[in-house]
Amino acid sequence: MTTTNSSDNLKLPEAWAGKYLWCFTLGVILIAASGLVFFVGAPSKTEGLRFGMHSYLANFIYAISFGIGGMFFVLVSFLTRAGWSASIRRLAELISMTIPWVACLFAPILLVVAFSKGSALYEWNFANVEDIKESIVQAKVGYLNGPFFATRAVICLAIWSLIVGYYYRLSRKQDETGDVRLTLDRQKWSAVLMMIFALTVTMASFDWIMSIDADWFSTIFGVYLFSASMFGFFALMIVSFMVLQRNGKLKDEVNIEHYHDMGKFLFGFTMFWSYIAFSQFLLYWYGNIPEETAWFRVRISDGWQYLSYGLIIVHFAIPFLGLLSRHVRRHRSGLFFFACWALVVHWLDMTFLVMPNAGPFSMIMMFGHMLGGIGMFSLFIGFLLLRASDAPLVATGDPRLHEALSYANPLL
Amino acid sequence: MASISINPREIDNTVELPGQRAPLITGKQTFNSVTEMVCAVAEKPQPMLWYILFGFSSLTALMFLSLIGYLILTGVGIWGNMSPVFWAWPIVNFVFWVGIGHAGTLISAILFLFRQNWRTSINRAAEAMTIFAVICAGIYPGIHVGRAWLAFWLLPYPSLNLWMWPQFRSPLLWDVFAVGTYASTSLVFWYMGMVPDIATYRDRSKTPLRRFIYGVLSLGWTGSSRHWLRYEKAYTILAALCAPLVLSVHTVVSFDFAVSQLPGWHTTIFPPYFVAGAIFSGFAMVVTLLVPVRAIYKLENLITLRHLENMNKIILATGSLVGLAYATEFFIAWYSKNQYEGFTFMNRAFGPYWWAYWIMDSCNVISPQLFWFKSLRVSPIWMVVICIFVNIGMWFERFVITVTSLSRDFLPSSWGYFNPTMYDGLMFFGSFGVFMTLFLLFCRFLPIIAISEIKGIMSIEAHREAHDKARASGGGHHH
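For the record, the sequence lines run as chains Y and L.
Heads up: the first sequence begins at 172 in my numbering, then just goes up one per residue.
Heads up: the second sequence begins at 8 in my numbering, then just goes up one per residue.
Hints are all accurate, no fakes.
The calculated lysine-lysine pairs, modelled on BS3-like cross-linking and capped at a C-alpha distance of 25 Å, are:
1) L/344 - Y/304
2) L/462 - L/35
3) L/35 - L/476
4) Y/420 - Y/435
5) L/51 - L/213
6) Y/435 - L/240
7) Y/288 - Y/304
8) L/344 - Y/288
9) Y/344 - Y/182
10) L/305 - L/51
11) Y/344 - Y/359
12) L/320 - Y/359
13) L/305 - L/213
14) L/320 - L/381
15) Y/359 - L/381
Derived by calculation from the structure, the hints in this document are not laboratory data.
From a predicted model like this one, the values you see are computed outputs, not experimental measurements.
Just need the whole structure built from these sequences, with the hints factored in.
Written as structure tokens, this is what we have:
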């Protein structure tokens, strides 16, 4: 049990101290490089900005989706009074605590909305309503306009930051005091905050992603972003713990049972994501109404079809078959492989959601997008390292820690 | 037997201090006392109330069957179905009953996979309700096809006189597969879980007939460790197979509506929204029935307030999800600027069916919000009242979806207003008779609580208590 552990075991490896600066530098360089690729590679400056902004948005959603997943995991752990996750929850808290910082990366999008009138990113974003191409989008400017969009985004990001900040603060306080009332407080608020979570994630998905194609709509879109975020989040959890343990940390606090459970969740969200994505596609394909199928039309033409159809294989079939067996979920290398796989295909999924609306597929644009993606991920990792640098990696004061350290999975 | 007399309110197991776990069952039970309590339900003479209820519900069921006979002899014209509302109460009742049938498998499969041990006291009765609700649901499409004696045409088989297959592209056919798979898998899961308990009944039988019937049903169960090993494996695998089925059935039911182009039906949130609604109504039905059952059969120590409170929390969560789906639909109807969608939703709320819409909204979205108050979550009377409102609301939800959208065709000249006939009402009422008859027979003859599973968690709890004590006394615990 924990009593034998020195607190060194619960800290980031010594060698990682200050590494976040490397991550930030790399991130900024790669994002700048991706910008360069877009401006040099695109036929015109407008096109370059258009591709660049779409790419930036997709990568931003990728980075913040981990925080969204972490926030849900923390909330649901308290809502269900979970014991098994007490020893892995701190990492989820740290991941969710990247939200306030990742939120700052939304600023370029707001700047583009404010200063670059035109269809650089959102086709509703014109100074004059008459300039908007489609009349149906003109009719939406009451909701889709710069100031209101910015207000909603700021409120949404602020609410998330407050939620994760509150949970993290109480958790850190409990490290010192071990006071069970801190758990009771978080349990009490988890239900209300879960509802706010559902509303804000739905709103964010509609505003940030769905309104790119402003005449298109889908009521399931919020659930889609949620399922994708959870998929990415569990992959990140698994990879992070594996890397930490390889560096000699958390040897006793995270064991094969936790990996097994996180693997089950990764498998479950593979299926849930597929279920949601399939439902959305099937209903619009079957209805075959032009204004609804338009969104899929750009995704199955101009070179994007390889990505779209490919997702069925790489985001559903392969992780589904790979994680189906309990032997894989309990096998460190096997699980590590599929978690890394999931991190990549989650990025492809975010690409699928945003990029096809920028224009036809091209290798050079995709290369720029990839550079930006790696850059954004390393910024995210930098944030995470910075957050984790002064906190124990396990919520040592959690009254349910003993449950997490002593449970075993039944058969499955 | 002495432990049974302990007042269940002595320990409030709805309160749980972090770090400790409140007991799942109360009253210092032993393995023997649990067996005695559950077996008493079937072994002791039934209370007078059982006979009254059984008489009433079996007569109601009989009325239902007679009306089906009348329907088949006369035709579906006895219902209120009309142009343009061709789908009316039969579909509403079908979806209503399928929805009710969702809690059982969620409790037994998904809560099992999530290691929610509290499910053990309620899973058996909930699974039984699932089977009975699916039976009620299955009747409606069968008699709705008009020529009910040809209902087997729904099944794809190479027919020599028909020379055709069912329409594989129709979600109505997918329904046949989805509901059929769900019914058969749930039945196997329910029955298999019951085998050890039926063997207990067999061993305690006093008459040769009972011994024979329970003996056949228990499939030669001896309780050897080999039996248990196989049993646990099969149970786990079935749970894993059932888990996606919980989602797939109502997803396919939602496809019946959502693949069409009808405003109000054609929207992508339908699959998860229908699933949430189904779990919502299913749990409401479980609470509605288990509260009287635990009182009549004195099972308060096994089906504790904590079990009921947990279910009420799930009702609050799924009810709010349903509310979120309503809000999303309304928002997108406005956001899309699609005039047909916009009209449909305004028509629902303020058109001729406004009363149905507001019954639905207040019962489904507002009434479960009362479960924010713990005093209501743990009050048996209040929870039954709220849960009945929830099921009224869920029936109206299907009514609103089906009838309001159909009654306003794209052509105003085709608009209509649906009025149910006496037969619509009597047959819906009659289906409750079928459901209740089956449920009362289940209480009378089968183990309504999973005895063996409760004993399983009792040993886990005893182990944990030992841990807690060891920790409290300062010493570590090593295996």
